[in-house]
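Heads up: the sequence lines are chains A and B, in that order.
Take 1 as the starting number for the first sequence in the UniProt record's numbering and just add one per residue.
Take 1 as the starting number for the second sequence in the UniProt record's numbering and just add one per residue.
Calculated from the structure, these hints are not laboratory results.
Mixed in with the good hints, there may be bad ones.
Some chain A residues near chain B, calculated using beta-carbon distances under 7 Å [to be verified]:
#1 Gly57
#2 Tyr59
#3 Phe63
#4 Leu69
#5 Val70
#6 Ile74
#7 Pro80
#8 Ser162
#9 Asn182
#10 Ile183
#11 Gly186
#12 Val193
#13 Cys201
#14 Tyr202
#15 Pro203
#16 Phe206
Between beta-carbon pairs, the in silico distance windows are [unchecked claim]:
#17 Gly168(A) x Asp183(B): 45 to 51 Å
#18 Arg8(A) x Asn216(B): 53 to 59 Å
#19 Gln48(B) x Trp131(A): 50 to 56 Å
#20 Gln48(B) x Arg48(A): 29 to 35 Å
#21 Asn216(B) x Leu86(A): 55 to 61 Å
#22 Phe54(A) x Trp212(B): 19 to 25 Å
Predicted model, so just to flag it, every value in this text is computed and none were measured.
Beta carbons: idealized from backbone N, C-alpha and C, even for Gly.
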Amino acid sequence: MFWFQVERLLNYWPLLLKGLGMTVSLSLISLLIGGVIGLLFGIIRAGRIRWLSFVVGLYIDLFRGTPFLVQVFICFFILPSVGIELSAFSAGVLALSNLSACFIGEIVASGIKAVPRGQSEAALSSGFRHWQQLRLIILPQALRIVRPSLVGQFILLVKDSSVISAIGIMDLTRSGWMIVQNIPNGLLIFGVVGVGYFIICYPMIFLARRMERRNQSSLL
Amino acid sequence: MLGNLNIRVIFEYFPALWQGFLNTLMMSGLGFAGAMILGIIACALTIQPLRWLRAPAVAYVDVIRATPLLAQLYFLYFGLPRLGILLPEILIGIVALALNSGAYVAEIIRSGILAVPRGQFEASMSSGLTYLQRMRFIILPQAIRPTVSPLIGQAIVLVKDSSLLSLISVVELARVGQQIALDRFMPVEGLAATAAGFLIIYYMLKALAALWSRFNRLPGQA
Numbered sequence: 001m002f003w004f005q006v007e008r009l010l011n012y013w014p015l016l017l018k019g020l021g022m023t024v025s026l027s028l029i030s031l032l033i034g035g036v037i038g039l040l041f042g043i044i045r046a047g048r049i050r051w052l053s054f055v056v057g058l059y060i061d062l063f064r065g066t067p068f069l070v071q072v073f074i075c076f077f078i079l080p081s082v083g084i085e086l087s088a089f090s091a092g093v094l095a096l097s098n099l100s101a102c103f104i105g106e107i108v109a110s111g112i113k114a115v116p117r118g119q120s121e122a123a124l125s126s127g128f129r130h131w132q133q134l135r136l137i138i139l140p141q142a143l144r145i146v147r148p149s150l151v152g153q154f155i156l157l158v159k160d161s162s163v164i165s166a167i168g169i170m171d172l173t174r175s176g177w178m179i180v181q182n183i184p185n186g187l188l189i190f191g192v193v194g195v196g197y198f199i200i201c202y203p204m205i206f207l208a209r210r211m212e213r214r215n216q217s218s219l220l
Numbered sequence: 001m002l003g004n005l006n007i008r009v010i011f012e013y014f015p016a017l018w019q020g021f022l023n024t025l026m027m028s029g030l031g032f033a034g035a036m037i038l039g040i041i042a043c044a045l046t047i048q049p050l051r052w053l054r055a056p057a058v059a060y061v062d063v064i065r066a067t068p069l070l071a072q073l074y075f076l077y078f079g080l081p082r083l084g085i086l087l088p089e090i091l092i093g094i095v096a097l098a099l100n101s102g103a104y105v106a107e108i109i110r111s112g113i114l115a116v117p118r119g120q121f122e123a124s125m126s127s128g129l130t131y132l133q134r135m136r137f138i139i140l141p142q143a144i145r146p147t148v149s150p151l152i153g154q155a156i157v158l159v160k161d162s163s164l165l166s167l168i169s170v171v172e173l174a175r176v177g178q179q180i181a182l183d184r185f186m187p188v189e190g191l192a193a194t195a196a197g198f199l200i201i202y203y204m205l206k207a208l209a210a211l212w213s214r215f216n217r218l219p220g221q222a
């Protein structure tokens, strides 16, 4: 019985591979968009314009405090009612990019705050303008500090992308869900699905750990 | 969009929303309690010296951290009946939440223990304390304090993750919101009420974390 099911599962191989591709592309696109916006959020959060920093902080809190599933539903079901018609894919990308922008924003802000104060003072007395200071002195150091957390954030992104399957995107989780309707063996099928995620995420967990260790030894 | 919000529907569904809110709290509470127990056990196994006990614990933590909760949830939901284990959905959900968060709790506690300076281990060892005494009197009291804030952070993640249980038809806050959206074709009202409920829990836990770090500042910290 078990081998028969494995044989049948082999027929679904293309569906699973397509799902894996969808998961990877969803996460990569969202990482790119979210990274750019997140960097901007982080600079604002750590910046001197008080009211702007407060507004961005409130926005970030709003999305950090609600479940991602609810955010996906908001993008998919509510935006059409205000005239923004989105396909499931773009709704998913929008929700995921927005979420990653919020998390990356907080990470970048913490990195900027972790750069020793002397650095910006030295830059100031060397005659750098504010923007030059940020671009040439502060950000390169801040990004090096937060590199492990950014990799960790990408792992979270890959995993969170599974939630988008709830609006019918054919990602890895969704294709597993489809197959389990035909082959009633959840352990086998979601075991295989889990292996797919593991192949993407585990090397990155490994990488993040190594970066963290290197950061620690360079700080000591 | 918020201008023509139909408040009456939210009042009409208030008992259901309240029930969903309580269910979310109850499941998250039980899930977190389970996660703490699992996490402490897994952490104890990963830091002790016996390899054949350490390997399964490390594998558990890594596998959980490298796969999404939704896949884990479906694994249990579609998989357990095959092993002849028939549980109500809500119980499967709580088990999945506990299993998932347990791995993260283990990592948090482990990093707390690793942050204790090496000299403390050596000093306690040379004072002639046994392994259990060293842990009980020297290491754990120092290790626990810095883990409290990350643990509250994990509790926040768990509460939000519990919304995924709505996908295996457990009635909780997100599910009630979906019902309002579907029964009355009012997605804005339903999702706004859901989001508000989760935000209340989020801000409460966040305030708790702030309160803790305010009264438990370590000497030398800003």
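**OP:** Sort out which numbered hints this structure fails and list those numbers smallest first.
**Re:** 1, 2, 3, 7, 9, 10, 15, 16, 17, 20 and 21
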